[in-house]
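Protein chains in written order, with my numbering: chain A, 1496 to 1762; chain B, 5 to 211.
Simulated from the structure, these hints should not be mistaken for laboratory data. Because the structure is a prediction, the values reported are computed rather than measured. Careful: at least some of the hints might be erroneous.
[As the list claims (entries may be wrong)] Taking lysine-lysine and the PhoX-like style, the derived pairs with C-alpha atoms no more than 20 Å apart in a straight line are:
(1) A:LYS1622 / A:LYS1550
(2) A:LYS1562 / A:LYS1550
(3) A:LYS1551 / A:LYS1562
(4) B:LYS153 / B:LYS136
(5) B:LYS34 / A:LYS1648
(6) B:LYS34 / A:LYS1650
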Amino acid sequence: MKIKYASFLLVSLLSLSTAPVFSQSTSDEIAKYREMIADGNPSELYEMAGEELWKKPAGPKQASLEKCDLGLGPGVVHGAAAQLPRYFKDTDRVQDLESRLMTCMQTLQGIAQQDVINGAFGKGIRKDIEAVVAYVVTHSKGMKIDVPATHPKEKEMVALGKKMFFFQGGPMDFSCASCHSAKDQRIRLQDLPDLTTQAGAALGWGAWPAYRVSSGEFWTMQRRLNDCFRQQRMPFPIYGSDVTVALSIFMANKGDGGIVQTPGLKR
Amino acid sequence: MNTLYVRYCTTAVLLSCLSLGAQAQTADPKFEAMLKEGFRAQGIAGLDRLEQDRIQALCSDPELRQTPAAQKVLIEEQSKAMAAIQPPADGKYLGSWKAGEAVAQSGRGATWSDTTKTPNGGGCYNCHQINKQEISYGNIGPSLTGYGKTRGTSDAILTYTWNRISNSKAYNACSNMPRMAHFNLLTEQQIKDVMALLLDPESPVNK
Chain A
1496 MKIKYASFLL VSLLSLSTAP VFSQSTSDEI AKYREMIADG NPSELYEMAG EELWKKPAGP
1556 KQASLEKCDL GLGPGVVHGA AAQLPRYFKD TDRVQDLESR LMTCMQTLQG IAQQDVINGA
1616 FGKGIRKDIE AVVAYVVTHS KGMKIDVPAT HPKEKEMVAL GKKMFFFQGG PMDFSCASCH
1676 SAKDQRIRLQ DLPDLTTQAG AALGWGAWPA YRVSSGEFWT MQRRLNDCFR QQRMPFPIYG
1736 SDVTVALSIF MANKGDGGIV QTPGLKR
Chain B
5 MNTLYVRYCT TAVLLSCLSL GAQAQTADPK FEAMLKEGFR AQGIAGLDRL EQDRIQALCS
65 DPELRQTPAA QKVLIEEQSK AMAAIQPPAD GKYLGSWKAG EAVAQSGRGA TWSDTTKTPN
125 GGGCYNCHQI NKQEISYGNI GPSLTGYGKT RGTSDAILTY TWNRISNSKA YNACSNMPRM
185 AHFNLLTEQQ IKDVMALLLD PESPVNK
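For reference, chain A alone in the conformation it holds in the complex (with noise of 0.2 Å):
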């Protein structure tokens, strides 16, 4: 069930606007609206959803994904998604939490990867993803953003990942840093985290995933980074890859030490 929430801004924001309206009241009156609904976030049914399917046998192989190792050992959720994404010595490259989910659907379920790559965000087997995120991020909630990217491969990941963090093109210029390299900044009334500091990266890689009001849909990174991409006028970036693990892992550690917030809660 949706509930209307935009209505209700809506009225909030009308009985502000009887003077010029400066928009640092605009922006606290949403930060309380926020607080208002945070307490009931729908990411809780994707991650109720999210631990049956962790325990559900699936795929070819009739196998759950107990067994997953996302970097603390076989089966180990509590504080996964903290220390995500890092290096496998399995896979012999650094993953992220939805790339390691892909890696252990094939490998314990029989699940191929490439169908997953080919699916679309909330449908099908990506949806089921997407609950799987929720049901892990959540064991890792309140604990310490632990990235420190000491590996070999996974310095190399974090500098291609600040590459691509300024890399402009297409059509606009844009590039990740075109939005997201200085303070205070906010594109209409939407907040930009500064991700070129530690309180800035932490802000926003440990908000997302989150729910998000605006499309009554669960978002995973792999999500909030395809739709940057797209607002960016750039070409589709294929889930999973390695642009996108680069850009997460550049994100985490530059976050790193602050506080897991997922999954959150976004307009």
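Chain A is already provided as a structure; the job is to place chain B on it using the hints.
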């Protein structure tokens, strides 16, 4: 709207294009490979969008672009950009401010979820305060409220404003503002309408 790309050099050959010597950014095959494998074309957003022009390549490197050699190249690019700007064909700079407000409000166009039939918007409110009645505005660019009121409509101001909208990088190579005419994001008429929004004394921006 189809976009037009002028490719000068990719990051991989930046060194030779710039002749900057030992300090220059070297080719990065791992990065190039990551880019190539990481994206696919979708809708109107093709892989050619990952090919950088000279300005994009230089402005993508926050350290390199500060160097004197890079600054020299960027100034050259600014002049080139300025020389390429087309003034309005009929010599009339101002269109309709009402239409301009609609262009400023719309952030549509050029994404993979748009088509070539989608009328592009300017996305102006994403970054600028314009008509103060509109409270949902961004702050990445300066406020344009009272733009015409403070500046008047001399030839110099008409030309400057036209140039800024057409190709902001003619004034500042690493400007954050999209190049509206250079990449055919807005039509000549749309730019005239945005000009009117900013400069027409009847526009709410100037009241």
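Status of the hints after comparison with the structure:
{"no.": "1", "hint": "A:LYS1622 / A:LYS1550", "in the structure": "holds (16 Å)"}
{"no.": "2", "hint": "A:LYS1562 / A:LYS1550", "in the structure": "holds (10 Å)"}
{"no.": "3", "hint": "A:LYS1551 / A:LYS1562", "in the structure": "holds (12 Å)"}
{"no.": "4", "hint": "B:LYS153 / B:LYS136", "in the structure": "holds (14 Å)"}
{"no.": "5", "hint": "B:LYS34 / A:LYS1648", "in the structure": "holds (12 Å)"}
{"no.": "6", "hint": "B:LYS34 / A:LYS1650", "in the structure": "holds (13 Å)"}
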